[in-house]
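Just so you know, the sequences run in chain order A and B.
By the UniProt record's numbering, the letter at position 190 of the first sequence is numbered 190, and the numbering carries on one by one without gaps.
By the UniProt record's numbering, the letter at position 203 of the second sequence is numbered 203, and the numbering carries on one by one without gaps.
No lab work stands behind these hints, which were simulated from the structure alone.
A portion of the hints provided could be inaccurate.
In silico SDA-like cross-links for lysine to any residue, where the CA-CA straight-line distance does not exceed 20 Å [to be verified]: (1) B:Lys193 - A:Phe66; (2) B:Lys202 - B:Asp128; (3) B:Lys202 - A:Ala28; (4) B:Lys193 - A:Cys6; (5) B:Lys202 - A:Leu71; (6) B:Lys202 - A:Glu25; (7) B:Lys202 - A:Glu41; (8) B:Lys202 - A:Thr38; (9) B:Lys202 - A:Arg10; (10) B:Lys193 - A:Val64; (11) B:Lys193 - B:Thr150; (12) B:Lys193 - A:Asp59; (13) B:Lys193 - A:Thr171; (14) B:Lys193 - A:Thr131; (15) B:Lys193 - A:Arg26; (16) B:Lys193 - A:Gly23; (17) B:Lys193 - A:Glu25.
Interface residues of chain A toward chain B, partial, derived using beta-carbon atoms under 10 Å [unchecked claim]: (18) His75; (19) Leu127; (20) Thr172; (21) Thr217.
Chain B side only, calculated, beta carbon under 7 Å to chain A, not exhaustive [claimed, not checked]: (22) Ala63; (23) Arg72; (24) Leu74; (25) Gln81; (26) Thr102; (27) Thr106; (28) Val122; (29) Ala171; (30) Ala172; (31) Ile187; (32) Leu189; (33) Thr191; (34) Thr194.
For every residue, glycine included, the Cβ atom is placed at its ideal position computed from N, Cα and C.
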Amino acid sequence: MADVTCEEFRELASELALGILPGRERAAALAHRDRCSTCREHLDALTTISDDLRTLVPDTEPPVGFETRLLDHLHARTRVQRRRRRLLATITAAALVIAAGLGGWSLGTLTQHQPPTAAPVSPSPRLLTATFTADHRDAGQAFAYTGTPPWIYMAVDTEHDTTTVSCQLQTTDGHLVTIGQFQLSNGYGYWGTPINLDPTTLATARLIATNGTIIATATFTT
Amino acid sequence: MPLRGFWSRRAIPARLPPVSHGVGRAGVPVDRLPDDMLLAGLATGDEEIAVAFVRRFQRSVFATALAVVGDRQLAEDVAQQTFERAWRHAQVFDSRRGSVRTWLTTIAHNLAVDTVRTVRPVPVTPDDLAAVLDAVATGPEHHVINAESTARLRRAIAALPPDQARALVLAAIHGLTAREIAEFEHIPLGTAKTRIRAGMSKLRATLHAE
Ligand SMILES: [Zn+2]
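The following block holds chain B by itself, in its conformation from the complex (with noise of 0.2 Å):
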């Protein structure tokens, strides 16, 4: 059993360079860290850090609280809270159940639906809709490292039928409830639910087998 580590005060100098000019040859500038350090790093209270991580993420937060509220002073709201929220319990974050900016989309498109429990308008027009919907498609990768997992989806989706593939993309991303799908669809309840089932089964499936 080591007394010493293989680091120590010692080991390692005490002075680094400042981190936005990068740690050297071997070293990786703060907005190059992976996204799970740049998250637990938020706990040291560091403004560099901090910086780095609102600039990674700030648009997908801000774009899935959007997505909701429909409203660009109530999604800023959304995404401050986001980020306040993952400021306080980057702790509890786990890399095994999603990457950062699972969670980060999850966190901003709960407290978005919170936000807008009651009664709003529908967030989105038929238009609107269907930019999003080719978006989802065929849109560019966030970031390699999930390019694979990425494309899969966007092909599964790509694959489902185009009413069932809106039914989801009204859902997951808009936050619309099958009620709403329905009035937004101008078809029954029942059909609505229908599409949502078929769909999810469908992407399972496709994302199962492939």
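Looking at chain A on its own, in the form it has when it is part of the complex (with noise of 0.2 Å):
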């Protein structure tokens, strides 16, 4: 199909951002969406727009033993290894954190059966996530919490005996900085500290071994 136009672009956008244009037209419209930001920029405002018109379909029960069926089914795909059971504690103690008021990022979220807060003066502080990989498996996870204090917070659980390891950070400008050391115990710990830095410019969290071998490496993705 020919290129389109902005204005023939106006045209298609809404059944775009609704999911429902047929092929042909799709790809012309997403061709033009490449590469005029304007028209992006209509398009995103109106993909929300849809994506939100989805939440507001009327809840419906399930059939009776979905829950288990799926749990089954998750647990039989992700083969639940028991080591990593320890991780929840410390999952649950980032939430503690949050919960304690470090921000007031768990006002918001937390309150579910009080009213929102009024008026939220500054963009609510975000928790980012990154997982830990070693040897190209999961090893933990990373939380970054971009509040004041902007903090990290780090869950691993690894293959290795290393005792002490250090946090490399680094920044998407490639900036790199060691924040600090901690131990693991049988190639487990969990650690947090406060941090000096935008978490939202982070690219990875490295632990390093005092040998300097890099034992599991999380990712930001922004």
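The two chains are supplied separately, each in an independent frame; assemble them into the complex guided by the hints.
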């Protein structure tokens, strides 16, 4: 299909945002979106509306046994390792820190039974997450909190017998900073610290053994 | 630069109480964790987090799938795939781009549309549509966090001409194309397209203006 103009794109944008534009027109419209930032913004606004509309569908109770079947299926898929269960405590601990009011983040999200707070002044802090991998396997989680003060928290479970690891952060502009050390016990440990950098600029967190070996890496996607 | 964090293995009791019983006075029971924390927790493979996550979202995910496929067995398959995908891709979730609920329902909707891409019976009757439309315009809030934006969207839909509101619900929720909407409503294709476009731009203008 021939190139579409901005005007033609506007004609198609609603159906594109709703995900119902037939193939040929869709391809042409997407090609235009990729090179026209004005139309891209227009489409993004419509897509947000379309996505939000979908969440208004009234809840429907799934068939009896759905939950059990689903959980069995998920567990069969992921082959839960028993030792990884230990990480639960640490995730909960991270929640605790947030709930304890290290930032305003918990207020808006935890108090579901109360009216929303009137006027959020600054953009609400966010919790960025990244998965540690070691030898191509999941090896824990890193959480970076964008509130004041910003902090990072990590929980790892590796096969390494190293006991002391240092944590090195790399920012998206290539800056490297070592933020501290902590101990692992049988490859397992958790640790958190305030950081002096903007968490949204984080590219990776690396755990490095005393002999310089990189034990695990977590990549933040932004 | 602190050598030790404000937290270390020593700073936290090694054995936290079982999460299902809550984690103490200031703690958060697992079923009260914020949506994105629960999603992040899925990566641990922990059963309690998985259960809490599934319980929180299963009705919404199932309803989203059912609205498109119109068959409960098929909707269950789609819902299952949705949770599996969420589990695998939890780390790419970006809270700046929307809520966990929106992310999940978008996954469910797209999987459902792919499932029935070829031929399917229209998944909705005119009576169903009236009920869904009513619920969309006036239904209860899922979460107080999003209450204000949800309420604004409901008001904006309620303010649309009914034929435009129907077209948008058929498209966004039931996944009908303009051609299918034309058949469903017994109107020309051009009219269906116009209703979709007019409805979307009115919603956008209303939400933008408020
Ligand atoms: Zn353009």
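Contradicted hints - numbers only | Numbers 1, 2, 3, 5, 6, 10, 11, 12, 13, 14, 20, 21, 24, 25, 28, 31, 32, 33, 34 - these are the hints that the structure violates, sorted from lowest upward.
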